[in-house]
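*Asks:* As given, the protein sequences belong to chains A and B, one line each in that order.
Here the first sequence is numbered in our numbering, starting from 1 and rising by one per residue.
Here the second sequence is numbered in our numbering, starting from 1 and rising by one per residue.
Among these hints, one or two may not hold up.
Footprint (simulated), chain B over chain A, 3 or more residues, beta carbon under 8 Å [said to hold, decoys possible]: (1) 101-107; (2) 154-168; (3) 267-274; (4) 288-299.
Keep in mind the hints are simulated off the structure, nothing from the lab.
Nothing here was measured: the structure is a model prediction, and the numbers come from that model.
By construction, the Cβ of each residue, glycine as well, lies at the ideal position given by its N, Cα and C atoms.
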Amino acid sequence: MRASAVAGIVFANAGDNLLKRLTSKRSVASVPFGARYRLIDFSLSNLVNAGITSVGIITKENYRSLMDHVGNGVHWELDRKNGGLYLLPPYLTSGAKKYNGTVDALYGARDFIKRCKSEYFVICHANVLANIDISAAVEEHIAKEADVTIIYQNGIVGAENSDNLALKLNKENRVTHIDYNLSAGTKTAYGVGVTIINRDLLLDLTEKAYEEDLLSFSVDVLAKKVKQLKIYGFEHSEYAAFLKSTDSYYQASMDLLDATVRRQLFNPKRPIYTKTRDDMPTKYGTKADVKNCLIADGCIINGTVKNSILFRGVKVEKGAVVENCILMQETSVGEGAQLNNVISDKNAAVGEEMVLKGTAQKHFFIKKNQIV
Amino acid sequence: MKNKKCVAMLLAGGQGSRLGVLTSKIAKPAVPYGGKYRIIDFPLSNCANSGIDTVGILTQYKPLELNDYIGSGKPWDLDRISGGVHILPPYQGQDGEGWYKGTANAIYQNLEFIERYNPEYVLILSGDHIYKMDYSKMIKLHKSTGAACTIAVLEVSMEEATRFGIMNTDENDTIYEFEEKPANPKSNLASMGIYVFSWDKLKKYLTEDEKNPDSANDFGKNIIPAMLGEGELMKVYRFNDYWKDVGTVDSLWDANLDLLNPKLDLNLSDKNWRIYSRNAGMPPQYVSENAKVENSLVTDGCEIYGDIDYSVLFENVLIEEGAKVEYSLIMPGAVIKKGANVRYSIIAENVVVDEGADIGGDPAVVGSDGWGITVVGANLSVGKNAKISANKMITKNVLEEEEI
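From just these sequences and the hints, can you work out the full model?
*Replies:* Structure below.
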């Protein structure tokens, strides 16, 4: 597959309103995840690992931290002359406020789509956590002369994938029916939020849908055209998670403590790239007691930490006990403090002897820069 | 070509033969340090943080790994439109250019490189030490005194002074004498091998030294004494912070474990003086339910299922369940398998220590006679249940059950 034959688009705000506290000041794409990443790192890395060199990030609001994180794309090798990384915020013409639905978003990005000379586009959603072999999917898309390819996974409908597209596939893996909002417990093939589509078709469908005031590209456009278009499915059989709530965010974070999940997500053949910070390695003190944890660089651990995720630069002082927590960048936990089921945003500080206990159902949330 | 105020020349050509197998395939400045760095990250980061944007790196011995690592210099802000980092290997020319004969000759052969920037000052560095230093302060002092050469010195104890090049100075910090490893030192100011020269003076003395066929073409042995002999104004710049030579197995091991000392004076997490390095982007480290990690430094990509104590783990190291590591350095990509025991050792890159192997010796058990750090060279394997005692340098694969 020629690199320039395929370009990428990422919806940076997919699932924004569902992740609530984590997205009050940032888009889903820049939600910190996995000790050293932001969610968009997975979509961006999937695209560049497939050899894609032009990527447009469609964003509708709260994109300052996203801009700061992706910069000119250097960490994903997208700072280039051929191709590049393009941030696509809404054009603020009179009346237009921000994108309302994916049709609107794609219509707003049509200049970018037109300028890319690529024949195919891969459209991703930033709240999808997976390491996907997009290259293989594109190869099959081309071989089958498909109009659209939806990457899917076989499984059961649950809370986190209930509004993914549900696909019915025939023997040749052609999509014969697209459904959505299936009831929990149903066994089905569901989309993982990655779609491959031919460029001219994308432009054509988008323009027509915009004129008709349609909202969702997948539900109002693709789902209605399964007969007219050649839509195929491509299976992704490894780990995938859809972050649509604080619960699914927490669960996906804890999934990282499983060696198989780590092996699949952090596949060395398709590494996940992110912005680097030049921290020193993490230091474990004499009294450090760490069990079943995922830890980034730059931490200083002198207390007890169990079943937790520690981002870069987190400090856990002597006598502190941290269990089942997600502590984001630069969080500090004072001497003797006890934390259970706590999610702390960047730069949170927990004072000495403080006891903060959430539950598995309702996590205790510490806001960015908050001192407790 | 834009004029620069200062050009730094980093001598990175030496073999570092005292590091044995650790430098059998790579130059000393490329040797891993501190979990995620290489020795050369220190002078390069010091340059970046001191505002020096033009650095020539003189390579000679086995430069491939170093060249790859430096690349275009981006991690150290040295990928620039004008200036930046330049790898300077020996080259053939019409005037007898060739292999570098000594530290001074290496610079002499690159006078044309420096001339392109027509600087006021030239900073000579080596890639042998771990330290943080603001070179701009040294250059400022050099400029203010009008000296021909300023030499950075570290105050050492009188006993240690016998091992160094010692600068004897007057009350104005002017150097009047230089003694190499004096039996009876007159001062305790040890040369750090860091020099600032005024460009025209450097040119003059290097050119003259080249004409002398008996010269060793060395800064310490030839250039500095020559300048002193001609009455040039030479000053010291006093340095008081952490500075560690990592030229021997013992000192490399020591310097790494220094990072575990809570009283240590070398702060690598200082946001105002970051040490940059080129990193591969590994996932975060994972410590398992049954692992025990104490008093250690661990970085990205590591998966720990066993016990580690007082050790430094570099990137992407796997410690299997039941393995024990203490007082050791485990370099990038190494694997310590189930039930293996490693103590007081340096395990180089990508080594596989197989199940049940036992490596290294505890000084308390072995006694001070005959104890030393054991080193296993890069990419080697140590077979199941093999035993390697203290103070060994392993340069080829060790077979199952073999005893060394």
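*Asks:* Next step is simple, just say for each hint if it's right about the structure.
*Replies:* To see whether the hints hold, each was checked on the structure:
1. 101-107: It is violated: at least three residues are needed, and the segment 101-107 of chain A offers just 0 whose Cβ sits closer than 8 Å to chain B.
2. 154-168: With 0 residues closer than 8 Å to chain B, the segment 154-168 of chain A misses the three-residue bar; violated.
3. 267-274: holds (count 4)
4. 288-299: Per the Cβ count (10), the hint holds.
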